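Q: Listed below, chain by chain, are the residues.
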Amino acid sequence: MRRERAPLAIGALAVAGVLFFLVPLLGLVLRTPWSDAPRALTSPDTLEALRLSLIASLSSTGLSILLGVPLAWVYARIEFPGRNLLRALTTLPMVLPPVVGGIALLLAFGRRGLVGGWLDATFGVTLPFTTLGVVFAETFVAMPFLVLTVEAGLRSMDRRFEHAARTLGAGRWTVLTRVTLPLIAPSLFAGAVLCWARALGEFGATITFAGNFPGVTQTMPLAVYLLLETNPEGSFVLSLILLAVSLLVLVSLRDRWLGSA
Amino acid sequence: MSLDATVQVVVGTLELDVHLKTEEGEVVALLGPNGAGKTTLLQAIAGLVPLSAGRVELDDKVLEDAATGQYVPTERRSIGFVFQDYLLFPHLSVADNVAFGLRARGTAKSVARSRALEWLERVGLTGYAASKPAELSGGQRQRVALARALAPGPRALLLDEPLAALDVTTRAAVRRDLKTHLASYRGIRLVVTHDPLEAAVLADRLIVIEHGRHVQTGTPIEVAEHPKSRYVADLVGVNLLRGEADHGSVRLSDGTLVSAADAVTGEVFAVIHPRAVALHRARPEGSPRNVWSGHVNGVELYGDRARVRVEGRLHLVAEVTPAGLAELRLGDGGEVWMSFKATEVAVYAA
Chain A
0 MRRERAPLAI GALAVAGVLF FLVPLLGLVL RTPWSDAPRA LTSPDTLEAL RLSLIASLSS
60 TGLSILLGVP LAWVYARIEF PGRNLLRALT TLPMVLPPVV GGIALLLAFG RRGLVGGWLD
120 ATFGVTLPFT TLGVVFAETF VAMPFLVLTV EAGLRSMDRR FEHAARTLGA GRWTVLTRVT
180 LPLIAPSLFA GAVLCWARAL GEFGATITFA GNFPGVTQTM PLAVYLLLET NPEGSFVLSL
240 ILLAVSLLVL VSLRDRWLGS A
Chain B
0 MSLDATVQVV VGTLELDVHL KTEEGEVVAL LGPNGAGKTT LLQAIAGLVP LSAGRVELDD
60 KVLEDAATGQ YVPTERRSIG FVFQDYLLFP HLSVADNVAF GLRARGTAKS VARSRALEWL
120 ERVGLTGYAA SKPAELSGGQ RQRVALARAL APGPRALLLD EPLAALDVTT RAAVRRDLKT
180 HLASYRGIRL VVTHDPLEAA VLADRLIVIE HGRHVQTGTP IEVAEHPKSR YVADLVGVNL
240 LRGEADHGSV RLSDGTLVSA ADAVTGEVFA VIHPRAVALH RARPEGSPRN VWSGHVNGVE
300 LYGDRARVRV EGRLHLVAEV TPAGLAELRL GDGGEVWMSF KATEVAVYAA
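Just so you know, the sequences run in chain order A and B.
Residues 0 to 260, numbered by numbering that gives the first Met the number 0, are exactly what the first sequence covers, in order.
Residues 0 to 349, numbered by numbering that gives the first Met the number 0, are exactly what the second sequence covers, in order.
Same shape as in the complex, but just chain A (with noise of 0.2 Å):
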């Protein structure tokens, strides 16, 4: 077979349009003041930053997979009024500016917020401004990802494996942790990937909610925006620590998205 040719036109905004994802990676990777690397990874702040992303981001992570995961099989197994209205609004994260999120958490869960103030005088849990506050701001605004891709695959996943586990005896609970879980392992794999990568990623709704104090709220992103200012240079270094991160999110889930070619 003849190998196909692109039309002109279409050959050279291609071009253009890989040239506008490379260039500015291109520009981080060369401007990356790399004798100062060993010095901005290795500072106090920076090593603080790193911890703190890291804690968050996988907390939020567990988080998502532990109110994730049944809300997925709700959505994708029991039918009820209303369901894809429920299932919008749960996703709404997903597709709403982050900075709106940040908002809507300080409205329910801050001091004067809807629950909040019951939170603090209840159990003494304070959210806005504190750690457990970026966990929620991140699982608030990656939980979606791993909903969708779960639901998605227990959609597509083929039921009748589960018959046949229900007539070798298995009650459901015995079905859904032995048969339905380890089935749709790859999907549950690369929801928690890419909400994990959402998480770490999150600004915008951790600023807002959960503020940026160093060594508590201060994650990654924010670390960057802020050094930015003072010491462009280390800025340079982490935004690279957090492009390697992505890519191993990419290079993990290459068979998923990226084909086997």
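Read the hints as simulated data drawn from the structure, not as lab findings.
Here the structure is a predicted model, which means the values were calculated and not measured.
Misleading hints may appear alongside valid ones.
Derived contacts from chain A toward chain B, CB cut-off under 10 Å, selection only [as the list claims (entries may be wrong)]:
{"#": "1", "residue": "Ser-155"}
{"#": "2", "residue": "Asp-157"}
{"#": "3", "residue": "Ala-164"}
{"#": "4", "residue": "Arg-165"}
{"#": "5", "residue": "Thr-166"}
{"#": "6", "residue": "Gly-168"}
{"#": "7", "residue": "Ala-169"}
{"#": "8", "residue": "Arg-171"}
{"#": "9", "residue": "Val-174"}
{"#": "10", "residue": "Leu-175"}
{"#": "11", "residue": "Val-178"}
Residues of chain B placed beyond 10 Å of chain A at every Cβ, according to the derived structure [unchecked claim]:
{"#": "12", "residue": "Asp-3"}
{"#": "13", "residue": "Gly-24"}
{"#": "14", "residue": "Gly-254"}
Chain B residues, not near chain A, derived (Cβ > 10 Å throughout) [said to hold, decoys possible]:
{"#": "15", "residue": "Gly-11"}
{"#": "16", "residue": "Gly-34"}
{"#": "17", "residue": "Gly-53"}
Every residue, glycine too, gets a C-beta built ideally from N, C-alpha and C.
Place chain B on chain A using the hints.
A: Leaving out everything else, chain B in the frame of chain A:
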């Protein structure tokens, strides 16, 4: 042990309405064309498809009764199910697949494992305990599916097209094995199939289902000798007519009279074997009282014979030798004459 099921289910355009009763001593095959509702019937018995009406009873214990709303969920029915494409759990090893039912019912891990290994030995797969289902051949998967269904010791075993997923070369051997395993199992045995040979080899009794309805039941020989539907007649390869018998003749629905030797009366089926139908280019002289003209509508090879489909007032298939076929010069599409003796018409009550 006994199974007594009256199953009414509506799925899409299929309206299934079948009564079925079987006991431990026999293997029953549910035979019917694709879409007849055989699989749905099995699923309903297993509780995987809800009854819209009817009742399922196993060993005098009611599993489901649409009238009272009684329903024992699938996992507590003690019914083993072998699915058409086996549905072995791809993430579990062969041994874990076979042990699954025992584990799900609370058997200790080590006990379940040793029982699974015993079952693998029984089905001749000793060395495959650690393999994944994807590494097995179709015939091996079928045996794992059988062992998995039988390992928990169910009181009934339902098999849905157990050989359909296999290629022709392995089917005969797997069928032989399956027959042996079915013979050694004590319990209700139901096999769904669309393959008459499979049904005849595996089952003691056939239940023919078409369009969601019970059509005929009997031993494979009874069904083959007295087909009661066009589907079965075609499977067996005979001509089937239906009409009203009266004093040595059968009046078909369009008024055509066919001479028959049997002195039966009432609604009947009449079967004429294609071998008994003779073909002629000119109207035959002599004794046969059944003489009909028609036009050739197709010729098929059938073993070392040729089967000629003739359409006229009667639609019949005639079997001729290749030499006879050449002599008749049927290629020109002209008129042919069919004849058969009244004594060749087998008549039995509908």
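Q: All the hints need checking, so say for each whether the structure fits it.
A: Structure-based check of each hint:
no., hint, in the structure
1, Ser-155, "violated, 14 Å"
2, Asp-157, "holds, 8 Å"
3, Ala-164, "holds, 7 Å"
4, Arg-165, "holds, 4 Å"
5, Thr-166, "holds, 4 Å"
6, Gly-168, "holds, 4 Å"
7, Ala-169, "holds, 4 Å"
8, Arg-171, "holds, 8 Å"
9, Val-174, "holds, 8 Å"
10, Leu-175, "violated, 12 Å"
11, Val-178, "holds, 6 Å"
12, Asp-3, "holds, 20 Å"
13, Gly-24, "holds, 23 Å"
14, Gly-254, "holds, 51 Å"
15, Gly-11, "holds, 17 Å"
16, Gly-34, "holds, 18 Å"
17, Gly-53, "holds, 20 Å"
Comparing the model with each numbered hint stated earlier shows that hints 1, 10 do not hold.
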